[in-house]
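Could you build the full structure based on these sequences and the hints that come with them?
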Amino acid sequence: MSAPVALAKRWAPEIALVVILLILPLVLPYIDGTYDIANRILDWGLFGLGFDLLFGFTGLLSFGQAAFYGAGGFVAAYILVAPFTNNAVVALIGGTVAASIFGVIIGYLSLRRTGIYFAMLTLAFGEMFFFLDISPLARWTGGENGVAGVPEPHLGFGIFSIDINDPGGLYWLLVVVFVLGFWLARRIVASPFGAVLRAIRENGARVAAVGHDVPKYKLTVFVIAAAYAGLAGGLLGLLQGYMPPDAFYLDTSGQLVVQTIIGGAGTLIGPLVGATVWLYLYTLLQNIAGIGAWWKMILGVIFVVLVTVFRRGLCGGTLLLWRRPVARPALEPVAETAVGEQARVAAEPRRSTQRPPPTGPIVLATRNLSKRYGGLTAVDDVSFELREGEIRAVIGPNGAGKSTFFNMLANVIPPSSGTIEFKGRNITGLGATMVCQRGISKSFQINQIFPSLTVRENLRIAVLARAYGKFHPAMLRAVDRDATVNAGIDAAAASVQLAKRLDTPAVELAYGEKRRLEIGLALATRPQILLLDEPTAGMSPVERADTVRLLRSIASGVTIVIVEHDMDVVFGLADRITVLFNGRKIAEDVPDAIQANPDVRAAYLGSQAAHEPA
Amino acid sequence: MISWPLFFSQVFNGLTLGALLVLVAMGLTIIFGTLGVVNFAHGALYAVGAYAGFVTYEYTGSFVAAMAAGAIFLLVVGVVIERGLIRLYYQRPPEDQILVTFGITIVLVEAIRAIFGGLARNIPAPSWAAGIVNLRVTLYPTYRIDVLAIVGASLVLLYFVLYRTRLGLIVRAGIEDQLMVNILGINVTRTFLTVFGLGAMAAGFAGVINAPIVTVTPDMGADILVQSFVVVVIGGVGSFWGAVVGGLIAGEILSLTAMIQPAYSQVMLFAVMALVLILRPQGLFGVEGRQ
Amino acid sequence: MSLLEVDAINTYYGEAHALFDVSMHIEPHEVVALLGRNGAGKTTTLKTMMGVMAPKSGAIRFNGQAIGGLPPYKIARLGLQLVPEERRIIGGLTVEENIVLAGLSEAKPWPPQRVYDMFPRLGERRRNRGRELSGGEQQMLAIARALVREPQLILLDEPFEGLAPLIVQDLLGICRRLADEGRTIIIVEQNVEAALSLARRCYILNNGHMVYEGTPADLRRERDFMHRHLGI
Chain D
4 MSAPVALAKR
14 WAPEIALVVI
24 LLILPLVLPY
34 IDGTYDIANR
44 ILDWGLFGLG
54 FDLLFGFTGL
64 LSFGQAAFYG
74 AGGFVAAYIL
84 VAPFTNNAVV
94 ALIGGTVAAS
104 IFGVIIGYLS
114 LRRTGIYFAM
124 LTLAFGEMFF
134 FLDISPLARW
144 TGGENGVAGV
154 PEPHLGFGIF
164 SIDINDPGGL
174 YWLLVVVFVL
184 GFWLARRIVA
194 SPFGAVLRAI
204 RENGARVAAV
214 GHDVPKYKLT
224 VFVIAAAYAG
234 LAGGLLGLLQ
244 GYMPPDAFYL
254 DTSGQLVVQT
264 IIGGAGTLIG
274 PLVGATVWLY
284 LYTLLQNIAG
294 IGAWWKMILG
304 VIFVVLVTVF
314 RRGLCGGTLL
324 LWRRPVARPA
334 LEPVAETAVG
344 EQARVAAEPR
354 RSTQRPPPTG
364 PIVLATRNLS
374 KRYGGLTAVD
384 DVSFELREGE
394 IRAVIGPNGA
404 GKSTFFNMLA
414 NVIPPSSGTI
424 EFKGRNITGL
434 GATMVCQRGI
444 SKSFQINQIF
454 PSLTVRENLR
464 IAVLARAYGK
474 FHPAMLRAVD
484 RDATVNAGID
494 AAAASVQLAK
504 RLDTPAVELA
514 YGEKRRLEIG
524 LALATRPQIL
534 LLDEPTAGMS
544 PVERADTVRL
554 LRSIASGVTI
564 VIVEHDMDVV
574 FGLADRITVL
584 FNGRKIAEDV
594 PDAIQANPDV
604 RAAYLGSQAA
614 HEPA
Chain G
3 MISWPLFFSQ
13 VFNGLTLGAL
23 LVLVAMGLTI
33 IFGTLGVVNF
43 AHGALYAVGA
53 YAGFVTYEYT
63 GSFVAAMAAG
73 AIFLLVVGVV
83 IERGLIRLYY
93 QRPPEDQILV
103 TFGITIVLVE
113 AIRAIFGGLA
123 RNIPAPSWAA
133 GIVNLRVTLY
143 PTYRIDVLAI
153 VGASLVLLYF
163 VLYRTRLGLI
173 VRAGIEDQLM
183 VNILGINVTR
193 TFLTVFGLGA
203 MAAGFAGVIN
213 APIVTVTPDM
223 GADILVQSFV
233 VVVIGGVGSF
243 WGAVVGGLIA
253 GEILSLTAMI
263 QPAYSQVMLF
273 AVMALVLILR
283 PQGLFGVEGR
293 Q
Chain W
2 MSLLEVDAIN
12 TYYGEAHALF
22 DVSMHIEPHE
32 VVALLGRNGA
42 GKTTTLKTMM
52 GVMAPKSGAI
62 RFNGQAIGGL
72 PPYKIARLGL
82 QLVPEERRII
92 GGLTVEENIV
102 LAGLSEAKPW
112 PPQRVYDMFP
122 RLGERRRNRG
132 RELSGGEQQM
142 LAIARALVRE
152 PQLILLDEPF
162 EGLAPLIVQD
172 LLGICRRLAD
182 EGRTIIIVEQ
192 NVEAALSLAR
202 RCYILNNGHM
212 VYEGTPADLR
222 RERDFMHRHL
232 GI
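Protein chains in written order, with my numbering: chain D, 4 to 617; chain G, 3 to 293; chain W, 2 to 233.
Derived from the structure by calculation, the hints contain no laboratory data. For every residue, glycine included, the Cβ atom is placed at its ideal position computed from N, Cα and C. Hints may contain errors.
[To be verified] One side of the interface only, derived from the structure: several residues of chain W facing chain D at Cβ under 8 Å:
{"hint": "1", "residue": "Phe21"}
{"hint": "2", "residue": "Arg38"}
{"hint": "3", "residue": "Gly59"}
{"hint": "4", "residue": "Ala60"}
{"hint": "5", "residue": "Glu194"}
{"hint": "6", "residue": "Met227"}
[Unchecked claim] Pulled from the structure, derived: some chain G residues nowhere near chain D, Cβ distances all over 12 Å:
{"hint": "7", "residue": "Thr107"}
{"hint": "8", "residue": "Ala116"}
{"hint": "9", "residue": "Val158"}
{"hint": "10", "residue": "Val163"}
Structure (structure tokens):
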């Protein structure tokens with residue numbers, strides 16, 4: 004499409020918003036509206052922009068946003084009433100900064116937990132702020148009376164200033180602030196930072212595993228939400244000429260949540276729409292005799308229905324992902340039975356890989372690595388060396404300690420004793436995120452992808468970590484126009500044969516394609532060492548053969564460690580095999596030698612003295 | 003200067019408040035532990051119980067009838083909510099459960115407000131419990147002592163149900179391993195119904211017996227909700243003794259801090275909860291890793 | 002009509018295809034071993050039989066009645082019982098409570114004393130909580146729990162895993178006793194020798210495909226085949 008049209012498309016939401024808000028004053032008298040109502044709605048909308056970034060996009064449900072709303076509001080009001088200045092701009096900035104500082108503190112404490120406990124922590128802190136406001140700090144906050152006498156806004160910008168002394172003027176002030184806030188939020192969403200946030204909502208663990216510092220991202224968006232809340236709180240005081248204690252109420256936090264859900268979480272404009280619905284439903288129902296008192300209950304019912312049936316509210320419109328009639332993932336033709344029959348035929352000798360033996364430098368080594376859980380030793384004194392360019396398989400019967408050993412290599416769990424060295428440097432206990440940044444990437448047995456994102460967006464998350472490091476709060480750039488990132492995505496997609504599916508939502512991929520995406524995510528971080536955890540899990544024989552071919556094709560330039568049960572896959576790929584049994588390494592050699600090794604044969608068939616005591 | 007009578011009075015207040023929190027938290031922790039559902043509607047159920055008791059009292063003049071009504075009405079409400087709504091949420095993420103139970107709160111509380119208005123109501127203490135009792139260390143309202151006794155009796159009953167009956171065995175086993183209970187031939191979902199009903203009943207019953215001490219308003223459940231969450235966090239999810247100990251501790255924190263510095267009593271409670279969540283998330287008696 | 006008929010079932014973990022057209026049958030009074038490497042689908046097969054997972058296609062019939070897709074508690078009441086891989090003793094309940102729990106939905110369950118007669122060690126520990134038991138004791142309790150329900154078919158999932166050799170010998174003895182009593186058992190085990198010593202027939206699963214059905218004697222004659230599918 005032509006440049007002007009493309010430009011218009013990018014800016015459509017902002018343009019639409021500005022147009023609506025420009026026209027609104029003309030329409031107000033016909034819809035029984037007043038500037039006051041409009042101002043309140045805009046204030047809630049602003050409050051909600053930050054909350055939507057936190058909840059709608061990052062998935063963090065906070066029930067304590069009122070703490071920041073109130074804090075920002077009271078600090079701003081106090082600045083003006085004390086008075087430290089009569090410049091409302093300074094006061095608003097002061098309030099926003101104060102709210103942000105509280106955001107850092109409360110965010111740091113609350114984000115140490117997730118899910119329910121995070122929600123409860125934010126609720127507790129929100130309530131704490133409320134009680135602090137009412138009583139101990141009443142001298143500054145006016146306690147239950149709030150802070151009265153907030154002057155009409157005098158906006159000083161250095162040389163020139165604007166004085167606002169009517170609701171109409173306030174309306175334009177709020178319009179400007181809201182539109183700016185909306186524009187900024189949209190930029191954040193479209194930025195690399197925003198891409199990571201959305202991925203965190205889908206699968207925070209995978210985001211960390213591909214090398215992002217997830218706690219920092221979460222804290223940053225928490226503070227942003229607090230800042231928006233603080234600014235909205237300050238504006239509330241200006242709106243009313245008075246800062247009320249109910250800014251700190253649990254009800255206020257709750258109202259924000261309800262409005263956001265009703266309007267649509269994850270849409271940025273949802274909270275504004277939700278606030279409109281809330282206020283209009285109230286006004287509408289008040290006028291219907293007999294129902295007036297029930298308006299909030301009806302709102303509650305609507306809310307419950309929306310949460311149960313929809314997830315994205317009025318604006319989002321799409322049903323919960325799992326209810327939506329998703330395009331059925333393409334099914335592979337079932338030609339397996341023929342292959343199954345083949346397997347029953349007398350055993351054929353296995354074809355070993357034809358690759359030359361690895362002679363490069365040692366890139367990964369473990370020394371006396373052990374893991375104990377109470378009295379049980381899962382991994383016992385395993386030393387292991389991996390050469391550059393090698394494909395090493397780690398096998399062993401059940402309970403041999405393979406997964407534990409593998410997870411220690413990936414730095415997912417810390418060893419009880421022993422060390423792991425990557426290119427000569429000790430990486431023990433660094434954690435999966437750091438280790439991924441250094442060059443060791445893991446792909447999971449059960450797909451850990453981002454289902455509602457497209458293949459392109461999936462790969463983008465991994466590429467971002469590689470391109471910009473573990474924390475990159477770039478919030479104003481558009482991520483889809485980043486040439487480096489796009490190149491990285493294309494390369495990763497090509498290497499796992501998903502180049503044609505870049506714009507397909509991951510949830511719609513066939514199972515085999517999802518597995519390829521899973522490997523692609525690990526590859527996209529351009530690792531030097533790739534750890535593959537049962538890459539052929541759940542695959543038909545046809546898919547397994549395809550996967551072996553794929554892995555052979557990516558093996559050049561990358562060192563691979565693969566944990567597998569399927570011996571055909573192991574023999575088709577591995578240069579060398581390490582065998583674990585009861586947590587100990589009992590053999591390490593080329594495949595043919597391992598196959599003939601009597602200890603290994605005995606270990607698998609259990610004919611030697613059964614499992615030794617822990 | 004704090005006098006001994008005041009001190010002991012506050013200690014007993016803490017016990018009374020704590021006892022009520024124990025009862026409410028017990029319902030919450032059983033629901034949370036067995037069903038895995040965070041019931042943000044628990045405070046609203048408490049309020050509904052108080053109003054059910056109020057209405058019954060207005061009609062019958064009998065406090066005992068009010069108590070019974072509060073309990074039975076809530077049992078029914080709990081079962082209806084579970085069958086109608088909660089069971090749709092068992093597979094959904096915890097945020098969704100919080101949201102829907104929060105929504106149920108709005109519906110219940112606003113329904114109460116619409117029917118009864120926002121003015122405070124009252125159920126007077128029953129005549130058989132009026133007056134003051136001399137506790138040697140302090141003088142104390144008889145009714146509050148009776149509350150301790152009533153709650154104590156309820157807890158004994160609950161303990162009996164949990165530890166000496168088939169249902170209790172299933173509930174305790176189900177809290178730990180729902181699937182295994184299923185494999186052993188027991189229809190666990192039918193138990194969920196009962197569990198939610200029992201939990202709601204505990205909340206509603208607490209609402210009625212607390213009514214003579216506090217005022218009955220539509221929003222009376224909000225504080226209780228938050229405080230009972232604190233109790234569950236401190237005591238540990240799914241633990242009977244956790245709810246008991248946690249409740250008494252919470253009651254004493256609130257009461258004794260109020261004596262020293264009233265402004266900080268609630269803040270203190272939340273500070274303790276935050277501390278527990280950050281340092282020992284499974285609580286005093288909870289099972290490690292159960293999050 | 003066999004006691005249990007599994008007819009070309011396909012089970013999935015989400016979208017991961019775990020069992021491919023798996024068929025087997027169990028006759029009354031026989032012990033059948035289900036062998037294979039880990040990841041082969043043995044536990045998945047038992048879970049599908051017990052209703053913990055539902056097959057996407059194919060049928061399972063128990064005493065002629067279709068049970069595919071039924072919830073576990075219904076299947077348990079029809080006469081199957083699973084002794085799961087992780088044992089899954091209810092740690093917070095005492096030994097006796099675990100036994101009583103197992104019998105709640107059974108018309109004529111074993112009284113606890115009968116369990117203690119067969120497993121004296123459990124009798125000594127009857128007041129201990131489940132989590133205080135050793136691995137071997139927990140396995141005994143898990144088996145006892147299944148017996149309480151007088152099942153027609155017992156599914157034993159890796160009963161010897163992670164246990165010391167002496168304990169394994171004890172348990173083998175118990176399993177032999179059960180077999181001698183004429184109980185019908187499917188035993189999943191990675192310890193091939195132990196399993197073959199108990200079984201009258203055996204099946205082998207490889208990557209979710211059934212690749213062998215025969216007797217232990219026949220299997221032992223094909224050593225290369227054994228290594229190929231059970232070893233490496």
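How the hints compare with the structure:
The criterion of a C-beta within 8 Å of any C-beta in chain D is met by W:Phe21, whose closest approach is roughly 5 Å, and the hint holds. This hint holds: W:Arg38 has a C-beta 5 Å from the nearest C-beta of chain D, less than the 8 Å allowed. Annotation: interface hint on W:Gly59 violated; nearest CB of chain D at approximately 12 Å, more than 8 Å. Nearest Cβ of chain D to the Cβ of W:Ala60: about 17 Å, over the 8 Å cut. The hint is violated.
Because the smallest distance between the Cβ of W:Glu194 and any Cβ of chain D comes to about 5 Å, under 8 Å, the interface hint for this residue holds. At a threshold of 8 Å, the smallest CB-CB gap from W:Met227 to chain D is about 7 Å, leaving the interface hint in force. A beta-carbon of chain D comes within 12 Å of the beta-carbon of G:Thr107; the shortest separation is about 8 Å. Non-interface call for G:Ala116 relative to chain D: violated, since the shortest CB-CB distance, roughly 4 Å, does not exceed 12 Å.
With 12 Å as the threshold on Cβ separation, the claim that G:Val158 sits away from chain D holds: the shortest Cβ distance comes to roughly 30 Å. With a least beta-carbon separation of about 26 Å from chain D, G:Val163 lies farther than 12 Å from that chain, consistent with its non-interface assignment.
In summary, the numbered hints that this structure violates are 3, 4, 7 and 8.
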